[in-house]
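Chains S and Z, in that order, give the protein sequences. First residue of the first sequence? That's 0 in numbering that gives the first Met the number 0, and the numbers climb one at a time after it. First residue of the second sequence? That's 0 in numbering that gives the first Met the number 0, and the numbers climb one at a time after it.
None of these hints come from the bench; they were simulated from the model. This one's a predicted model, so the numbers in the text were calculated from it and none came from an experiment. Careful: at least some of the hints might be erroneous.
For lysine to aspartate or glutamate, the following EDC-like pairs were computed, each having C-alpha atoms within a straight-line distance of at most 20 Å [what the hints assert, rightly or not]:
hint, chain 1, residue 1, chain 2, residue 2
1, Z, K576, S, D12
2, Z, K89, S, D21
3, Z, K863, Z, D726
4, Z, K795, Z, D818
5, Z, K863, Z, E731
6, Z, K863, Z, D778
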Amino acid sequence: MAAPREPLFLGRDSYRRRRLTDAARLLPLVGVILFTIPLLWGERDGEAPSTSSAGLYVFGVWIGLILAGYVLALRLSQTEPGSADPRDDADKSDPSETR
Amino acid sequence: MVTFNLLILVSLAYVVFLFAVAFFAERRAQQGTAGWMRTPLIYTLSLSVYCTAWTFYGAVGYASRSGLEFVTIYLGPTLVMVGWWWILRKLVRIGRTHRITSIADLISSRFGKSTALGVCVTAFAVIGTTPYIALQLQSVTLSFDAFNGTGRADDQTLQYTAFWIAAGLAIFTVIFGTRNLDANERHHGVVMAIAVEAVVKLAALVAVGVFVVWGLGGGPFSTMALIDASPMADLELQTSRWIGITFTAAAAFLCLPRMFQVMVVENADERHLSTASWAFPLYMMLMSLFVIPIAVIGLELMPAGANPDLFVLTLPLSQGREDLAMLAFLGGFSAATSMVIVAAIALSTMVSNHIVLPIWLNAQKDGATVSGDVRHVLLRARRLSIIAILFLGYVYYRLSGGGAALAAIGLISFAGVAQFLPSLLGGIFWRGATRMGALAGLSTGFVIWMYTMLLPSIGVDGVFPQAWMEGGPANLHWLRPQALFGIEGLDPVVHAVFWSLTLNTAAFIIGSMLSFPSPLERLQGAQFVNVFDHSTGPRGWSQTGAAAEDLMMMAQRILGPNEAQQLFQSEARRQGKGDDLPDPSPEFIDRLERELAGSVGGATAHAMISQIVGGATVSVQDLMAVADEAAQIMEYSNQLEAKSVELENTAGKLRDANEMLTTLSVQKDAFLSQISHELRTPMTSIRSFSEILRDGVDLTRPERAKYSDIIHAEAIRLTRLLDNLLDLSVLENGQIDLELQSGTLRQVLERALASSEAATEGLKISFDAASAEDVIETDLDRLTQVFINLITNAAKYCTADTPELRITVHQDGPIRHIDFIDNGAGIPQASQSLIFEKFSRLSDQAAAGSAGLGLAICREIMSKLGGEVRYLDGSGGTAFRVSLPIGTNIAAAAE
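With the sequences and hints as input, model every part of the structure.
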């Protein structure tokens with residue numbers, strides 16, 4: 000019989016969710032860093048990449064951010080227990096919503 | 000060739016279509032079947048009001064002038080959207096929780112519902128947005144004009160067109176923007192129409208882009224080669240503009256009144272934000288994907304001097320693709336109209352709520368007593384302000400002459416509304432932000448923005464004379480509008496944004512730190528900053544994992560880590576969950592509560608658990624039970640305290656007793672050595688004289704008699720000493736036999752005086768026996784002994800030159816006090832407690848015959864007789880008082 004795993008003593012789902020929110024907070028910072036990188040290229044005289052490749056880089060990072068945002072948003076809504084977002088209750092109790 | 004009339008017809012048809020969409024959506028919303036309209040997709044598409052005619056036409060112009068830099072206008076908002084968890088989530092929650100109707104409402108509410116701030120933000124927003132509306136009118140007018148081909152319409156016609164566009168937009172906005180006074184300021188019809196327009200503009204731009212890349216550029220790769228070969232390839236990215244404009248766009252995205260309207264006010268469900276966080280960047284990415292190819296190919300194919308701002312339209316036209324041009328025209332029309340409509344709604348809400356209403360309420364003497372009144376006034380104010388705002392935009396368009404590049408106007412507007420950013424972010428993240436700080440920051444920022452950006456933009460010699468721009472006002476060099484504080488060489492846009500926002504933020508922070516918030520401000524500040532604690536927040540999922548984890552953490556704190564882990568592990572095993580946390584099932588929670596109750600009391604455990612498990616809130620009964628427990632604990636602690644005081648007192652007494660015992664023990668040692676000496680002295684003389692008598696055969700008779708007398712006297716002295724010791728021991732052991740006799744005090748005292756006559760030679764004794772006639776019944780012999788002792792003590796120890804002893808008797812109820820007072824030195828305070836102890840002697844004076852037992856014997860006798868003897872302090876000499884009750888008390892005392 001295998002040795003029992005060290006108990007984690009935390010809710011795996013909610014722990015995972017909190018780390019997901021950390022990632023969601025981090026994502027714009029990653030974007031800022033990646034979007035400032037083209038500025039560093041110009042420092043090598045004459046060696047700066049062409050406008051088209053700079054454009055490809057910018058759009059590549061852009062698409063990457065969108066995909067990362069998509070995955071995060073998807074996972075964040077999936078890790079919400081049950082089908083309902085906790086904030087859903089607040090919405091339901093909002094009388095203006097029924098209009 | 001598309002005729003102008005056809006163009007008008009198509010535009011009108013499109014507007015009618017939009018009317019229909021808006022009307023339909025409004026109808027559905029009123030019937031309560033608007034569910035499908037409240038989807039993340041509609042929300043995302045409505046955000047596209049960010050992409051105005053500036054984007055649609057201006058981006059290409061921007062790209063042809065500055066290259067890749069145009070994307071910064073979209074990168075800023077992309078970063079804000081992707082980072083929704085930081086700011087947007089909070090903004091939307093605050094907006095929904097506090098029923099915020101506009102950005103002016105948000106800032107004014109946050110800072111104590113300040114009217115001044117509301118007016119300020121509204122005015123600045125109108126000033127900042129007017130050029131933007133003019134920009135939309137200009138681009139739509141230009142696009143109309145573009146269809147005229149080479150034959151340019153005269154200015155008169157253009158202005159005429161612009162006027163009718165403004166009028167048409169005003170009508171549409173008034174109809175759908177002020178239809179109702181929704182509590183949430185939501186406009187389903189408008190949002191729906193905007194979503195449709197968003198699709199149209201994206202489709203139009205992508206269609207033109209696809210046509211340009213595949214139709215004119217020969218595919219993506221050759222297009223890329225064309226890009227690298229074009230003049231655009233020589234344009235280098237400027238670091239300050241790249242960062243500065245990205246930042247400005249991000250700030251404007253948050254602060255633009257129309258963005259706030261669609262993002263926060265029209266938000267129907269917070270979850271839509273998470274979809275929009277990636278979907279809207281995708282939208283913007285697609286919008287800008289074909290900008291550079293269109294610009295490059297436009298520059299190549301179009302004649303020199305053609306306005307690059309219109310390439311999207313003129314490029315298909317020049318290639319004879321009028322259908323595509325028509326689509327592009329509709330796209331641009333959509334972009335312009337959606338922006339104008341939403342901006343007008345947002346601004347009119349702000350104007351009516353923060354300017355008109357306060358004025359109207361002030362003007363009404365009685366205040367708003369009838370709610371219908373306010374409603375009516377508000378609606379009319381809104382309609383009028385929509386018309387006024389559009390008219391302002393038209394006037395600005397007329398004044399500016401429609402000459403400036405689209406992007407330049409757009410950036411001025413962006414930088415203007417970005418001045419809201421410090422107050423907005425400070426308001427939702429910093430509780431210390433105050434109204435004064437916000438007012439100071441906003442006004443500082445706007446003054447600098449107007450001075451460095453808006454006024455210079457009106458043109459050289461427009462507002463500022465040329466000399467000002469180059470030398471500063473009144474030759475103050477450091478005040479040049481585009482080189483404040485002598486910092487030259489910065490790009491004017493970056494310069495203006497940098498100084499206005501830096502000084503704005505500084506004024507905001509310093510103002511906040513130096514002022515005090517009003518109570519309402521502090522309340523609002525706490526509610527805004529901690530909105531996730533106050534509103535129904537992410538604790539909602541606490542029924543599962545998080546609750547078990549919180550329970551675990553609480554249990555660890557109370558029970559200790561090991562016990563808690565064992566408890567949870569055993570429960571998890573029982574539930575068959577292996578290593579995971581157990582479910583907080585009712586049985587488990589009961590069990591845990593019992594365990595915790597053992598440590599913290601039942602009521603407290605219940606309150607703590609229900610706090611974590613949620614659902615059942617803590618009831619008043621629970622709280623009272625907690626209070627009871629606390630009261631019990633307090634009572635117990637009070638008892639402990641009382642006991643501890645008692646213990647302390649006892650310990651003090653014991654300490655005193657111990658000190659006394661120690662002193663006595665020392666004295667006893669001293670006495671033993673003394674008594675052995677005193678026994679030894681007579682014994683020595685007895686031994687030596689008896690030896691002389693035994694051995695001295697030739698002693699004379701008188702000699703014999705003398706020696707025998709000495710031996711006899713010494714033996715008597717020994718006997719007396721031993722008698723005293725025996726007496727005391729008998730008294731102390733209670734083996735004394737008292738013989739009751741009757742007599743008066745006078746008799747007893749006289750007997751004592753007579754007996755001690757021999758010992759009291761030289762002592763003058765005065766006896767006041769006036770009240771000594773009472774008959775007492777006691778052991779008179781023992782009483783006499785006490786008196787003799789006190790009298791002889793006075794004779795022995797009185798240090799006066801002519802010793803005197805006064806004996807007085809007085810009466811205190813049934814008690815007789817007999818005082819023996821001499822004129823000696825008295826006994827020092829410290830020794831007074833010792834003189835009645837056995838073997839105590841204060842000095843060696845008159846040591847012979849005294850073993851320090853006299854007073855001890857007196858005390859023992861008096862206590863047997865039911866009275867007492869004590870030292871009388873403060874009577875001018877050594878004084879002893881014997882107190883004795885009349886009548887018989889011996890029996891009880893002798894028991």
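Cross-check of the supplied hints:
1. K576/Z - D12/S: holds (14 Å)
2. K89/Z - D21/S: holds (15 Å)
3. K863/Z - D726/Z: holds (13 Å)
4. K795/Z - D818/Z: This hinted pair holds, its Cα atoms lying about 17 Å apart.
5. K863/Z - E731/Z: Status holds; Cα separation ~10 Å.
6. K863/Z - D778/Z: holds (10 Å)
In this structure, every one of the numbered hints holds.
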